[in-house]
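Chemist: Sequence:
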Amino acid sequence: MKSSWLSVLVVKSIINNATKAQRHQDTQRLINSQMERFKPYKTSIWAFTITACILSIVQWKVEKPMILIERFIPYSGWVMIWILAFYAAFLLSKMKDPSQSAKWRKYSWTFFSIVFFGQLILGVSGYEKFLMQADKLHLPLPALIIGGPIYRGHISFMPILFISTVILAGPAWCSHLCYFGAIDNLVASTGKPVRKGIKLLWPLKHTFLFLVIVSALLFRFYNIPVSLVTALAALFGIAGLLIILTISKNVNKMFHCVVYCPVGTLISYIKYINPFRLYIDNNCTECNACTKTCYYDALNTEHIKARKPGQSCTLCGDCITSCHVFSIKYKFPGLNPKQARNLWLIITISIHAVFLGLARL
6 MKSSWLSVLV
16 VKSIINNATK
26 AQRHQDTQRL
36 INSQMERFKP
46 YKTSIWAFTI
56 TACILSIVQW
66 KVEKPMILIE
76 RFIPYSGWVM
86 IWILAFYAAF
96 LLSKMKDPSQ
106 SAKWRKYSWT
116 FFSIVFFGQL
126 ILGVSGYEKF
136 LMQADKLHLP
146 LPALIIGGPI
156 YRGHISFMPI
166 LFISTVILAG
176 PAWCSHLCYF
186 GAIDNLVAST
196 GKPVRKGIKL
206 LWPLKHTFLF
216 LVIVSALLFR
226 FYNIPVSLVT
236 ALAALFGIAG
246 LLIILTISKN
256 VNKMFHCVVY
266 CPVGTLISYI
276 KYINPFRLYI
286 DNNCTECNAC
296 TKTCYYDALN
306 TEHIKARKPG
316 QSCTLCGDCI
326 TSCHVFSIKY
336 KFPGLNPKQA
346 RNLWLIITIS
356 IHAVFLGLAR
366 L
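Its first residue numbered 6, the sequence shown is counted upward by one per residue in this note's numbering.
Possibly wrong hints are sitting among the right ones.
As the list claims (entries may be wrong) - Listed next, the in silico DSS-like pairs over lysine-lysine satisfying Cα-Cα at most 27 Å (straight line):
| # | residue 1 | residue 2 |
| --- | --- | --- |
| 1 | Lys310 | Lys99 |
| 2 | Lys47 | Lys334 |
| 3 | Lys334 | Lys99 |
| 4 | Lys334 | Lys297 |
| 5 | Lys313 | Lys297 |
| 6 | Lys47 | Lys111 |
| 7 | Lys204 | Lys47 |
| 8 | Lys297 | Lys108 |
| 9 | Lys99 | Lys111 |
| 10 | Lys313 | Lys197 |
It should be emphasised that the hints constitute simulated quantities derived from the structure, not laboratory data.
Given these sequences and hints, build the entire structure.
Modeler: Printed below as a string of C-alpha cells:
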C-alpha cells in the first residue's frame, strides 16, 4: 500500500515538474516571439531613446529654455521631445534601408535647412524668441565657424558644437547637419554628377581655407571694425550661393561644399578622429556605377582602383546600393558592415533630430 502511494506521489511530482517545464518553455517562446517582433525596430528604438534623453537633459538642466516651443508655451518642450524622438525613430526606419537612404537623407536635410533659415528669418525680423542668443547673433555662414573665433580671439558655442559632432559622427556635418550644405545638395542632385574629378581640387580647397584663416588674423591684428568684417563675410556667403547656383548645378557635384567651404576642407582632415570609415572591398569589378551617385567628388576612377573613397567622402552612403556586388561598406572596430552603418545612422540621425528642436543661433 505504501509503495503504491509512493508511486502515485512520484508520478504526480514528475507531472508537476513537466508541467512547470512546459510553462517555462511556453513563456520563453512568448518572450522570444515578442523580442523577434521588436527586432526590426531595434535601431529606431535606439534613435528614439538617445534623442529623448539628450533633449530631456537640455529641457531639465538649462535655465533658459533651449527647446524652441518651450519659449512660447510653458512645459510644451516635453511634448516636443516626444515628437522629435518619434521623428528620429521614423527617419531611421526609412534610412536603414540602403535603397531608401539617399532619398530620405535629401528630404530630411532639406527640411532641416528650411527649419533653420525659417527660424533665423523670424528671429532677425524681431521675434527674438526664435534665437538662442539674440545679443550675439552672427551670420549663418559655415566659414565663420573657423573665421569667427580667430577674429574674436575666443571660442564660442558653434565651434564647440561643430567639433562635438565630428567626434561623434565624423563628417556627418557635411551630409546631414549643415544648413548651407543642404542647399548645395538640393541643387547639385538635380542631375547625375560628371565622372571626371574636379580639377585642382586640393589646391583650391587649401586656398579658400587659407584665405579665411589669414583674413580673420589680419582683421583681428588691424582691428578692422565688426561692421566691415560682417559685410565682407556676407560677400563671401553671397559668392558661395552663386557658386551653388552656377558651378554645382552645371557639374552636378557639390562644388561649394567640396571646394569653396573651408569647413568642408577642415572636416576632410579632422574627421579621422572618429573611427567610422567607408571602404571598397576586393569584390569590386570597377564598373564605375558608383561614380554616378557621389556628389562629393569622392568616388572617381582613382579612388575605386585604390579601394577607398576620396578624402572628401562624408559617409552619406548614397553610393551603397549603386554597387551591384555590394562592395561599398561601412567600417567600425568590432562591428560587421551592417552593424557599423546602423550605429552611424543612429548617432547621426539622433544629432539631426536634437538640432531640429533647438532655437537658432
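Chemist: If a hint holds in the structure, say so; if it does not, say that too.
Modeler: Going through the hints against the structure:
no.: 1; hint: Lys310 to Lys99; verdict: 31 Å, violated
no.: 2; hint: Lys47 to Lys334; verdict: 21 Å, holds
no.: 3; hint: Lys334 to Lys99; verdict: 18 Å, holds
no.: 4; hint: Lys334 to Lys297; verdict: 17 Å, holds
no.: 5; hint: Lys313 to Lys297; verdict: 16 Å, holds
no.: 6; hint: Lys47 to Lys111; verdict: 23 Å, holds
no.: 7; hint: Lys204 to Lys47; verdict: 44 Å, violated
no.: 8; hint: Lys297 to Lys108; verdict: 15 Å, holds
no.: 9; hint: Lys99 to Lys111; verdict: 12 Å, holds
no.: 10; hint: Lys313 to Lys197; verdict: 21 Å, holds
Consistency with the previously given hints fails for numbers 1, 7, ordered from lowest to highest.
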